[in-house]
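Chemist: Just so you know, the sequences run in chain order A and B. Everything in the first sequence is counted per numbering that gives the first Met the number 0, starting at 0 for the first residue and increasing by one. Everything in the second sequence is counted per numbering that gives the first Met the number 0, starting at 0 for the first residue and increasing by one.
Please keep in mind that the hints were generated in silico from the structure rather than gathered at the bench. Note that beta-carbon positions come from the ideal geometry of N, C-alpha and C, so glycine has one too. Do not take every clue at face value.
What the hints assert, rightly or not - Straight line, CA to CA, 30 Å or less: simulated DSS-like cross-link-like pairs of lysine-lysine: (1) A:Lys186 <-> A:Lys168; (2) A:Lys269 <-> B:Lys130; (3) B:Lys264 <-> B:Lys71; (4) B:Lys264 <-> A:Lys186; (5) A:Lys269 <-> B:Lys86; (6) A:Lys168 <-> A:Lys269; (7) A:Lys269 <-> B:Lys71; (8) B:Lys86 <-> A:Lys186; (9) A:Lys269 <-> B:Lys183; (10) A:Lys168 <-> B:Lys183; (11) A:Lys168 <-> B:Lys122; (12) B:Lys71 <-> B:Lys86; (13) A:Lys168 <-> B:Lys130; (14) A:Lys186 <-> A:Lys269; (15) B:Lys264 <-> A:Lys269; (16) B:Lys183 <-> B:Lys130; (17) B:Lys130 <-> A:Lys186; (18) B:Lys130 <-> B:Lys86; (19) A:Lys186 <-> B:Lys122.
What the hints assert, rightly or not - Partner residues are not named here, just some residues of chain A that face chain B (Cβ under 10 Å, in silico): (20) Ser179; (21) Val187; (22) Asn256; (23) Val257; (24) Gly260.
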Amino acid sequence: MSIDVHSARPANPISLRRIFDSIQPMIAIAIPLLIWEAAGRMGWINTFLFPPPSQIAHTIWVQAGPNGHPPGAILMHVGRSLYRFLSGLALAIVIGTAVGIAIGMTRWGRLIFTPLISAIMPVPTLAWTPILLLLVGLDDRTTIIIVFIAASFEVIYTIVVGIEMMSVKVFWVARSMGASRQQIFWKVIIPGILPYLITGTRLGSGFAWRALIGAEMLAASSYGLGFMIYDASEYMSMDMIYGGIALVALLGYFIENVLIGRLEAATTSKWGVNVER
Amino acid sequence: MLNVSQMDIPLALREKNATPKITARNIRKSFGDVVAMDDISCTINDREFVAIIGPSGCGKSTFLYLIAGFEKPTSGVLTIDGREVVKPGPDRGVVFQEFVLFPWRTVLGNIILGLELQNVPRKEAEERARKWIRLTGLSGFEDAYPSTLSGGMKQRVAIARALTYDPEVLLLDEPFGALDVQTKNYMISDLQNLWTEANRTIVMITHSVSEAVLMADRVLVFSARPSRIIADVRIDMAHPRDARDPMLRQYQDEVTGILSAEVDKSMRLERNL
């Protein structure tokens, strides 16, 4: 932090440059928003269809507070979406890892799962929603399963790659130290695929987040950002729609690039493992 | 320096009370239609340092993997202390050219893994590792991750890792192959000292004649594929040896002569094919 304070001194052109570089992406987003805002205020655009960003922010702020409808509505929507997302992602990590290891390490795993996955992979995850609605009904389980399906393919794929990247000599070394099958699993395979699992989870989380929002539009009876956006369209509440989309974008970025991205960078630099993908 | 006295005894004397450690009888190994090894028989004595040399692709590494138990011979019997080798085990420590460290473990974590797998308490494991960390010159790097180490350091970790769980036989698969010349020379003299200290049976695969004659008691020369043992050269010189010793040069010429005749033969065969 102290470095940032120093670099803020205007006398140093190099750090000015650095500041510019770090806020540059924000400028690219801020300028269209400012134009939008100005156009709305000047009456150049239809503010019913395109409410200015300040109004959207205001609505979101109010809806997040005690005067929301219901009070704290935004927080409840976000919370519900995150709950479904994290539950589905956890399932994908556990089951995806198991399937990935089965494919990577065993012949039967390859024989059973590879054709299945190849067959299922091209199907857009949302296409499963009608089936799930009929099978499990209109509750959280449907959306959680959608998240699970959307995230697992990446998890499985990167884990299979991870195992293929492991040299047979790694197993030889472990066996020559007298490692049992169980020890090889917990002390060699699991840590060996961990960086791949993290990368797979990051990539899968992007797919899963997008699928979740879509699924919530189709299969949520109350709460969730997707539900909120869809519901707002019934009431023609444009600022809620735009606000919902903005929240989806922000949270999606945060999950994929900050939360899991940081974890990935930490393992990569510590272990010197680069997961090509 | 416990065993310096033993080193000073001339080789011929030591051999009198030598007991066979590794015995290979009529080993054949084929991969599909390719015969890698044809009828290899040899005996490696307890505490002997044997170097195996041969043209590239002759299956000398395969022979090491057979001793390690990673691969099984197609026919023939391979025994250690009279017991047939059926699988890898902690009585044989292996060091590969590519180090094969576990990147998610620190230097110390890599070195104590063998003891950890044998459920040795953490404290005792670290205590036992300490000695080899010191002897391999890794002190101060215990908490470093392999990705931050140079090739030479990584190979030291691999050697320390193999020695820490106290194997009776140390199997080295071209241990200096991935190192630059400077590092290699350091590592060779280090390994000579380590051998004195560790006092184990060592089998080393190499493609460098000078390495082989400098370090080993015996040099086995393998022929081109399908490989057989075409020479068993005893390097009758006390350890530690000086690389500039003229007698060493004679041994080197002898082994080089045998090896280059073999390489010529295999090249001629290849061209005629």
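Chemist: All the hints need checking, so say for each whether the structure fits it.
Modeler: Hint check:
| no. | hint | result |
| --- | --- | --- |
| 1 | A:Lys186 <-> A:Lys168 | 15 Å, holds |
| 2 | A:Lys269 <-> B:Lys130 | 26 Å, holds |
| 3 | B:Lys264 <-> B:Lys71 | 29 Å, holds |
| 4 | B:Lys264 <-> A:Lys186 | 47 Å, violated |
| 5 | A:Lys269 <-> B:Lys86 | 34 Å, violated |
| 6 | A:Lys168 <-> A:Lys269 | 22 Å, holds |
| 7 | A:Lys269 <-> B:Lys71 | 37 Å, violated |
| 8 | B:Lys86 <-> A:Lys186 | 20 Å, holds |
| 9 | A:Lys269 <-> B:Lys183 | 27 Å, holds |
| 10 | A:Lys168 <-> B:Lys183 | 22 Å, holds |
| 11 | A:Lys168 <-> B:Lys122 | 28 Å, holds |
| 12 | B:Lys71 <-> B:Lys86 | 8 Å, holds |
| 13 | A:Lys168 <-> B:Lys130 | 26 Å, holds |
| 14 | A:Lys186 <-> A:Lys269 | 18 Å, holds |
| 15 | B:Lys264 <-> A:Lys269 | 49 Å, violated |
| 16 | B:Lys183 <-> B:Lys130 | 22 Å, holds |
| 17 | B:Lys130 <-> A:Lys186 | 24 Å, holds |
| 18 | B:Lys130 <-> B:Lys86 | 28 Å, holds |
| 19 | A:Lys186 <-> B:Lys122 | 19 Å, holds |
| 20 | Ser179 | 8 Å, holds |
| 21 | Val187 | 7 Å, holds |
| 22 | Asn256 | 23 Å, violated |
| 23 | Val257 | 23 Å, violated |
| 24 | Gly260 | 19 Å, violated |
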